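S.K.: As a plain string of letters, each chain reads:
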Amino acid sequence: MISVKYAFFLGCLIPARQPHYENSVRKILPQLGVELVDMDGANCCAPFSIQSLDYTSWLALAARNLCIAEQMGLNIMTLCNDCYESLLAVNTLLKEDKELRDRVNKILSDVSMEFKGKTDVKIFSDVLYENVGLEKVKDAVKKPFDGLRVAVQPGCHLTKPKRIHFEQQIGQLALEKLVEATGAISVPYERKEACCGGPLRGINDEVALQVAKQKLDCMRAAGVDCITTVCPFCYLELDMGQIEIKRHLNEDYNFPVLHFAELLRIAMGIKLEDWEVKAHRIPITKILDMAEAK
Amino acid sequence: MFAIRNLTAKQGNIPEGILVQAQSLYDNGRVVTAGRMAVIQREKYGLCKEPAVDVKAVQKILKKTHFDKLLKKGS
Numbered sequence: 001m002i003s004v005k006y007a008f009f010l011g012c013l014i015p016a017r018q019p020h021y022e023n024s025v026r027k028i029l030p031q032l033g034v035e036l037v038d039m040d041g042a043n044c045c046a047p048f049s050i051q052s053l054d055y056t057s058w059l060a061l062a063a064r065n066l067c068i069a070e071q072m073g074l075n076i077m078t079l080c081n082d083c084y085e086s087l088l089a090v091n092t093l094l095k096e097d098k099e100l101r102d103r104v105n106k107i108l109s110d111v112s113m114e115f116k117g118k119t120d121v122k123i124f125s126d127v128l129y130e131n132v133g134l135e136k137v138k139d140a141v142k143k144p145f146d147g148l149r150v151a152v153q154p155g156c157h158l159t160k161p162k163r164i165h166f167e168q169q170i171g172q173l174a175l176e177k178l179v180e181a182t183g184a185i186s187v188p189y190e191r192k193e194a195c196c197g198g199p200l201r202g203i204n205d206e207v208a209l210q211v212a213k214q215k216l217d218c219m220r221a222a223g224v225d226c227i228t229t230v231c232p233f234c235y236l237e238l239d240m241g242q243i244e245i246k247r248h249l250n251e252d253y254n255f256p257v258l259h260f261a262e263l264l265r266i267a268m269g270i271k272l273e274d275w276e277v278k279a280h281r282i283p284i285t286k287i288l289d290m291a292e293a294k
Numbered sequence: 295m296f297a298i299r300n301l302t303a304k305q306g307n308i309p310e311g312i313l314v315q316a317q318s319l320y321d322n323g324r325v326v327t328a329g330r331m332a333v334i335q336r337e338k339y340g341l342c343k344e345p346a347v348d349v350k351a352v353q354k355i356l357k358k359t360h361f362d363k364l365l366k367k368g369s
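Heads up: the sequence lines are chains D and E, in that order.
Take the first sequence: its position 288, counted from the start at 1, is 288 in our numbering, and no numbers get skipped.
Every position in the second sequence, counted from 1, becomes a number in our numbering once 294 is added.
Here chain D stands alone, though its shape is the one from the complex (with noise of 0.2 Å):
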């Protein structure tokens, strides 16, 4: 059954604060032919932050996650948006560019590592999209979601930005065929591309509930039931950003959030545990009584 393996790359957020999202990808991918291998030893991706603090730092440390995936002679996969920036972006500047290369081996070097180039760069998503395939993931849907609508946040990392996306990956387009793989519908709305705002906590917890809440707003317009995505971050700012608008701004929508993963595990027939479902800030239980109805 399993027909391609990659090297899995988990990040910092998704094994602290959601393991219930590493636990559906860990459920489902298996049973659609894609194993998993765990990085040992792999370090933080070195998100954008990190990028804006020091460049070399954050071209090395993600450098290095690469050179465990080339020493494993496997692919990576991600499951986060801005892990999988920094690893796309890093593997595709060090590929491109040998003076650059050079000084990363250099500081690599230090500890027994040389960047040689050797491994790619994917997303959950895409993944599902170009390993796996959409027939193949329709097969594997026991449940479908009929008519249920679906709000996709693909998140900024997926498709941004486009020098090292273009043409490398399908990102959000990927994502709305496998919604609709899985009998749900992908509902055009406004704002789809525009960030969630979680980025900007920490910094201007303000700001970052005002665009979710235009986010929000554009969803409900479209009449959608649920939001699904790709990203932790995204996930956090829009299930737990609604707890919060509905604190600060008095504004309630109630829209489930889900992991991608989620939903799928759900249509397939895998039923999430108590401790999954409880994960949930907005709870979910009318898109598993919808299943359940099946």
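Since the hints were derived computationally from the structure, they do not count as laboratory data.
Heads up, a few of these hints could be off.
[Said to hold, decoys possible] Computed footprint of chain D on chain E; a stretch qualifies when at least three of its residues, placed anywhere within it, have a C-beta under 8 Å from a C-beta of chain D:
#1 300-311
#2 320-332
[Unchecked claim] Derived DSS-like pairs: lysine-lysine, alpha-carbon spacing no greater than 27 Å straight-line:
#3 K363/E x K106/D
#4 K160/D x K95/D
#5 K358/E x K118/D
#6 K5/D x K343/E
[To be verified] Incomplete in silico selection of chain D near chain E, CB under 10 Å:
#7 C12
#8 E35
#9 D38
#10 I50
#11 Q51
#12 L61
#13 I107
#14 I203
Fair warning: this is a prediction, and the values are worked out from it, not measured in the lab.
We treat Cβ as the ideally placed atom computed from N, Cα and C, and that holds for glycine.
Given the coordinates of chain D, work out where chain E should sit on it, guided by the hints.
M.R.: Relative to the frame of chain D, chain E by itself:
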């Protein structure tokens, strides 16, 4: 753009939230770490142990890039 931001950071202008992340990266190899409860929960729910980070390797790299000095300036 990054050159300007990096220069600002070198002068010690680092937002507090970012500084906390950066310090955690240096100390733990991760910007977000699993607390004791998360570790217990992972075990309870049958998830494999979180893959360990090679913190020494991370610190070696960050010393070489003088990231450690940047942290001192920002704090």
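S.K.: For every hint, state whether the structure bears it out.
M.R.: To see whether the hints hold, each was checked on the structure:
With a cut-off of 8 Å between beta carbons, the segment 300-311 of chain E has 6 residues touching chain D; three or more are needed, and the interface restraint holds. Residues of the segment 320-332 of chain E with a Cβ under 8 Å from some Cβ of chain D number 8, which satisfies the need for three, so the listed coverage holds. Between K363/E and K106/D the alpha-carbon distance is near 20 Å, which keeps this suggested pair within the 27 Å criterion. Distance check on the hinted pair: K160/D and K95/D sit about 19 Å apart at the alpha-carbon level, within 27 Å; holds.
With a C-alpha separation of about 25 Å, the suggested pair K358/E and K118/D falls inside the 27 Å cut-off, and the hint holds. About 20 Å separates the Cα atoms of K5/D and K343/E, which keeps this hinted pair within 27 Å; it holds. Contact between C12/D and chain E, as hinted, is supported at the beta carbon level, the nearest pair being about 4 Å apart and thus within 10 Å. This hint is violated: E35/D has a C-beta 14 Å from the nearest C-beta of chain E, more than the 10 Å allowed.
Hint status for D38/D: holds, given a least beta-carbon distance of 5 Å to chain E, under 10 Å. Hint on I50/D holds. Least Cβ distance to chain E is approximately 7 Å, under the 10 Å limit. Checking Q51/D against chain E: minimum C-beta separation of about 6 Å stays under 10 Å; hint holds. Contact between L61/D and chain E, as hinted, is supported at the beta carbon level, the nearest pair being about 6 Å apart and thus within 10 Å.
With 10 Å as the threshold, the beta carbon of I107/D comes within range of chain E, its nearest partner Cβ sitting at about 5 Å, so the hint holds. This hint holds: I203/D has a C-beta 5 Å from the nearest C-beta of chain E, less than the 10 Å allowed.
Hint 8 from the list above is the single one not met by this structure.
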